[in-house]
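Q: Chain by chain, the residues:
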Amino acid sequence: MIDQYVESASTFSGDIDNVIWVVLLITGFWFILAEVVFFGLIFKFLAKPGVKAKYVSGEKPHEKRWVTLPHYATLAFDVVIIVLAIKVWHDVKINLPEADSTVRIISQQWAWTFVHPGPDNKLDTPDDITTVDELHVETDKTYHFELSSRDVLHSFSVPVFRLKQDMIPGRIIKGWFKPTQTGQYDIQCTEICGIGHALMPARIIIETPAQHRIWNQNNAPKVADVTPTTTPTQLGGMP
Amino acid sequence: MSTAAAHAEHDHAHGHAHHDEGFIKKYLWSTDHKIIAMQYLFTGIFMAFIGGFTVYAFRMQLAFPGMSVPGYGRVTATDYNALVTTHGSVMIFWVAMPVLIAALGNYLIPLMIGCDDMVFPRLNRLSYQLFLLSSIVLIASFYVPGGAFGGAWTSYPPLSAKAEYSLTGLGSSMWLFAVALEFAAFLLGGINFITTVMNSRAPGMKMFDVPIVVWMIIIASILFMASVGPLIAGAVMLLFDQQLGTGFFDPAKGGDPVLWQHLFWFFGHPEVYVVLLPAMGIVAEIITVFSRKKLFAYKTVLYTAIGTGVLSFFVWAHHQFIAGIDPRMANVFSVTTLLISIPVAEMVFVYIGTLYGGSIRLTTPMLWALAFIAEFLLGGVTGIFLGASGADIYFHDTYFVIAHFHYTFFPIAFIGSFAAITYWFPKMFGKMMNETWGKVHFWGTIIPFNAIFIPLFLLGARGDHRRIYDYRHFPDLMKAGMQDLRVFATLALLVLLAFQVVFLVNLFYSIFRGEKASANPWNANTLEWQAPSPPPHGNFPQGLPNVYRGPYEYSHPDRQDDYWPQTEPDAAKS
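Same order as they appear, the protein sequences are chains A and B.
The numbering of the first sequence is the working numbering, which starts it at 135 and goes up by one.
The numbering of the second sequence is the working numbering, which starts it at -13 and goes up by one.
Next comes chain A alone, as it looks inside the complex:
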């Protein structure tokens, strides 16, 4: 459903879409059922001259079951949704798979800095590639990211990955993704960060491994001198 409008470009984006789809089916069913019963009762019991309303306390067991049965049904469906949601949550946020590569993402009012590991695939080496507002990754490679912020809260959101994580000054927050298709997509900051909040767009550029190797080679030496003056680890706080 979501992927009709927003492409699905990570290994877990399909799983998240499936949870949304299941929740839509369950809640949609209940919503329509409840509205049909509701409007049905209104039209059925519109006041008619000479007809007195029924006197029902709703306290007797055979009356109360009209509330208790839906109650248990709600509980049962809640359990289904909880199980599905928590499973996906674990895959996306808790169980990080082994990384093939790690990128460092630093936010500030109102720009993104992306530190790529460069040709040697290691961070904090001279061939690191630092870019502003442009993240280069390749398909079918598991990436870890390290989020940090220089000033206020920001949030790293890549809608095509169905990925979102707040960035907090003083902390480094880790997460992962694995792109599945090439393309260029929006990166959003989704936590209000001041007057330039709307001026913080960035792009993620997903390349084939071959394209990415060329990008690495072309960019590694040239931009080595723009490494940020303070590395995120010097910002203090918890590792």
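Derived by calculation from the structure, the hints in this document are not laboratory data.
These numbers were taken from a predicted model, which means no experiment stands behind them.
Built from N, CA and C at the ideal position, the CB exists for glycine as well.
All the given hints hold, so there is nothing to weed out.
Residues of chain B placed beyond 10 Å of chain A at every Cβ, according to the derived structure: (1) Phe9; (2) Phe28; (3) Gly38; (4) Met53; (5) Arg60; (6) Arg108; (7) Leu109; (8) Pro131; (9) Ile177; (10) His392.
Pulled a few chain B residues facing chain A out of the computed Cβ check, cut under 7 Å: (11) Tyr342; (12) Ile346; (13) Phe371.
Calculated cross-link-like contacts (lysine-lysine; reagent style DSSO-like; alpha-carbon spacing at most 30 Å): (14) B:Lys425 <-> A:Lys178; (15) A:Lys308 <-> A:Lys256; (16) A:Lys186 <-> B:Lys285; (17) A:Lys188 <-> B:Lys425.
Fit chain B to the given chain A structure using the hints.
A: Okay, now just chain B, sitting in the frame of chain A:
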């Protein structure tokens, strides 16, 4: 102190209060619960203009970026943030709270439990005066150097804590100060409500004879009082961070910005139920009267409301799933969040069950009450998408969230208030409201309301994130049709705002020129309808009532009449 003794003391206290008073003493310095209720009501309506005007300005900017908005001018990024912040804070803290809790609580509690006034009338006056002061501080913050606060109604630090980040040093502090003052005002009101209901119920009124709306306001007041402490403490800490350079929320000084989020949402989520429950109570009163039915399972409603209240203290972190809390915490809060759907759904089932076998009259208040159920259902089910942690990763901070909570808050704050105002209007002003114009206003509000927010669900599903004043910097959000949806929602908003003029004209015309109302125009059972319309100072000139039965004895098989007032002795059974 026994109830009878309390009544006697009140009679004595009010013995000298009936002579003529000046305008100021009577309307601005009054201790009469009804006048204070009206002060809250009209202040709330006035603040709704501010909430409405701000949403007009920023929705116009979204639909037509860069245009000069008629009546406002060009909306800059700074303006946009201040407008959305003000819209959110005003609509929740200065419209929903004063109208639903303070105005209705003050007006209804003494009348519905059959006493002459609140137990602490002077505290009540102070409560309104603090509230008025808080409104003035908030409005004044627009005119200070730097302008009004623009860090969203949730006011997350470090953005809200430091002037160099927010660029509104004074505005941020005034916003916080206004919010803290407002909470103090409602704390005083809450103490009053709870004490009054515990001590001043009419003789014979047992706990299960108290009308649901009074119960709901009491449960809401308890929730509010239990949850607001941490937030007031947090507000003071944030104020210190802003003005004294402390570092409670500053990581460079050993603080933690996420602490504020916990303090805020520990209050913020129960707050949803603080305003929801009174609205639910209003709906219970209205659907029973206009379907001439006993409320289906009174005790179930009560227990589910209490259950909702208790559970609401254990769900706050679902606002913070992706905020950097330990991701394992999301499991716990996902479970509690989905569990709270059970009591709330049950309340809705009970209301639907009440309609069964009724004799339904579609008056204006009944239309509003039914619309509340129909619309709130959508708000409820869409909450499941956000409570399910896995799905929330995608939907968090998108327009899907905005559409979801407007489907809960709009029914609460507006549909609920319109239901209450149109239902109790004859009692409040002694006049009837015009039904035809009432229905025009109803349809003119409900249809555009859905036309505004259904497109926002779609925009959220397509990835529109919140608090962005111009989407043109995001190529993926300018795909075909997306701007059309934004324009459509804005046009629907203009229609909705235009139809509110109908309400205002009907309200003021009816106050002065409406048809005269009898004491009990709806043939309702509850005690307020036994007092004259409008009730004089002291409420029950014929003597304080006695209570013989519960509030929802409609269409009793032993009775010719289809209603049975709570005050009518059993002997009169016919």
